[in-house]
Amino acid sequence: MSNKERVRDKIAEILGHTSQIVVDDVVLTDLVNSSFLLVELVIELQEEFDVRFQQVDMNEVATVGQLLDLVDSRMGENSPG
Amino acid sequence: MKIDESLHWILSFYRTSEISGALFFGELARSLRPSAIQQDMTRQFADEANHARYWTDCLAKLGVEPLKLPTAYQNQYLAAAGMPTNLMEILAITQVFEKRVVSQYTLHAKSPNVPDIVGETIETIMKDEKWHIEWIRDALKDMETEYGADNIKDTLKRFTLADREVYQKTTLEHQERIGDLRLARR
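Chains as they are written, first to last, in our numbering: chain C, 2 to 82; chain P, 5 to 190.
One thing to keep in mind: the hints can contain errors.
[Claimed, not checked] A short, non-exhaustive set of chain P residues, derived as facing chain C with CB atoms under 8 Å: (1) A26; (2) F28; (3) E31; (4) L32; (5) L71; (6) L73; (7) N79; (8) T89; (9) N90; (10) E93; (11) I94; (12) V118; (13) I121.
Rather than coming from a laboratory, the hints here were simulated on the basis of the structure. Note that the Cβ used here is the ideal one computed from N, Cα and C, for glycine as well.
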């Protein structure tokens, strides 16, 4: 399973959706019903995949696909070698 | 004993805010790996839940049910300051918020004609609030190596500006209800 699919599954698990709903084009704010839940989602992804985001990173993120790209790129930075 | 409409609203506002804080910290504590921060956050989550209970009890002793209010004060923080996106930013916004809470409760305790039960409830809650500020201050200090002291300082400054904006907006919006508290500040 690719990193992106692992992240997608985790997002689905956190939000209580199926992975089929968490598709790339979906806008994140359409998936979560409160700002607090979005904060929790972002923090939990960082904890789970051992990556760090700054606010400026999230300014560029609106959709599931963009969030998957961000987490995937940070996981790549943490990989050995 | 019956209380006036403004006090009823303010105490219900405090209660709603404490419930929102408890839920937020509870979810975050569940997300974090076991650590000192997770332990302290779990304690804060429990404190906030208890504070909501104290306000519920206080309102009951004043002879009224809590009002169901639609939006918690904290939601406005996120809109004004932008979404915190890492643990340092979460603690920074919480630190600023906790200072605002202490300031507001202090103001309320000093305002005219505060019922004894309200003063006692504030006094009980304030003991916890001071600890909240302390543990977060220490945790932010420990994060300087990972996030950078200047970055943390800038983040606190950004959230402090947002806090002022939200507080001013809230006091204007609810001017009639919190008029007595503003008078107490003079």
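**Asked** Of the hints given before, which are not true for this structure?
**Response** 1, 5, 6, 12, 13
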